[in-house]
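Asks: What follows is each chain in one-letter form.
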Amino acid sequence: ETGVTQTPRHLVMGMTNKKSLKCEQHLGHNAMYWYKQSAKKPLELMFVYSLEERVENNSVPSRFSPECPNSSHLFLHLHTLQPEDSALYLCASSQGSGSRDNEQFFGPGTRLTVL
Amino acid sequence: DAKTTQPPSMDCAEGRAANLPCNHSTISGNEYVYWYRQIHSQGPQYIIHGLKNNETNEMASLIITEDRKSSTLILPHATLRDTAVYYCIAASRNDYKLSFGAGTTVTVRA
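As given, the protein sequences belong to chains A and B, one line each in that order.
Number 542 in this note's numbering belongs to position 104 of the first sequence; there are no gaps in the numbering.
Number 113 in this note's numbering belongs to position 59 of the second sequence; there are no gaps in the numbering.
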C-alpha cells in the first residue's frame, strides 16, 4: 500500500463510451500526476496538478480530460477513445516541487482496454 | 532532464548482492539521481535518491561517483521479490517530470 488508490483496477470500454478513472491519495501531498504506460513502452507523463492547478499537459489528445477537485482527488475523464489508448493508466502524488523530498508515490494503476 | 543509460537486463542469484549501473554523464549540478522499480503490472515504487553523497535506506544503497557521471544501485541481499524493472532517473527537485526510460529488467534466480 502506497497511500495512493485507483479505481477501477480494470476497465473495458467501447469507443463511443464515456468513463472516468479515479485516483485518491491519503498522504497529504500537494501534487498529483497521470501517466500512461502502453505495452513495452516507457511511462509517459500526461498531466500534472499542483495545488489543484494544472501545471503540465504533455500534448495529450482532448479525448482525455483531467479534473482535480481538491488536493486529494484526481480524475481522468475518457470519451471516444481509440483502441491504441488501451494501456495501464497510473496515478501518482508527491509533496510538490521544491520540497525536500519530491519522490512520487504511485497507485496500482487502471488497466484500460478499448474495444 | 539529463539522459541516463542502463543495461537492458541482468540476472542475479537469490541472496547475493545485485549491483545495477547507471550512466548519467550529462547530469547537471542541481539534478538528483532517483531510482524507482516496477514489479510486473504494478505501479512504480520509489527506492532511493541522492545528489553527491552515497545514500542507504532499508531497501538499497546508492553509490554515486565523485564526478557524478555514473551511479550504482545496490540491493544487498536480492530476493525473488526483487525481480522488477529498475529505472534510474536524473531530475532536479523542482522538476515535476520524471523521464522513465526503458530501465533494467532484473531477474533474481533461485
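Keep in mind that the hints are not guaranteed to be accurate.
Claimed, not checked - Quick list of simulated restraints, FRET-style, between CB atoms:
| no. | chain 1 | residue 1 | chain 2 | residue 2 | range |
| --- | --- | --- | --- | --- | --- |
| 1 | B | SER95 | A | ARG492 | 47 to 57 Å |
| 2 | A | SER503 | B | SER63 | 36 to 46 Å |
| 3 | A | THR551 | B | LEU134 | 28 to 38 Å |
| 4 | B | THR80 | A | SER497 | 19 to 29 Å |
| 5 | B | ALA164 | A | SER503 | 25 to 35 Å |
| 6 | A | LEU489 | B | SER95 | 43 to 53 Å |
| 7 | B | THR119 | A | GLY452 | 49 to 59 Å |
| 8 | B | ASN111 | A | SER500 | 16 to 26 Å |
| 9 | A | GLY441 | B | LYS151 | 19 to 29 Å |
| 10 | B | PRO62 | A | THR551 | 38 to 48 Å |
| 11 | A | SER458 | B | ARG70 | 38 to 48 Å |
| 12 | B | ASP121 | A | SER503 | 20 to 30 Å |
| 13 | A | GLU439 | B | PRO61 | 24 to 34 Å |
| 14 | B | HIS94 | A | SER510 | 37 to 47 Å |
Stated by the list, open to error - Only pairs whose alpha carbons sit at most 30 Å apart, straight line, appear in this in silico DSSO-like list of lysine-lysine:
| no. | chain 1 | residue 1 | chain 2 | residue 2 |
| --- | --- | --- | --- | --- |
| 15 | A | LYS478 | B | LYS151 |
| 16 | B | LYS151 | A | LYS456 |
| 17 | A | LYS479 | B | LYS151 |
| 18 | B | LYS123 | A | LYS478 |
| 19 | B | LYS57 | A | LYS474 |
| 20 | B | LYS123 | A | LYS457 |
| 21 | A | LYS479 | A | LYS457 |
| 22 | A | LYS457 | B | LYS151 |
| 23 | A | LYS478 | B | LYS57 |
| 24 | B | LYS106 | B | LYS57 |
| 25 | B | LYS151 | B | LYS57 |
| 26 | B | LYS57 | A | LYS479 |
No lab work stands behind these hints, which were simulated from the structure alone.
All residues carry an ideal CB built from backbone N, CA and C; glycine is no exception.
Asks: What are the numbers of the hints that this structure violates, sorted from low to high?
Replies: When the structure is compared with the hints, numbers 1, 5, 6, 8, 10, 12, 14, 20 turn out to be violated.
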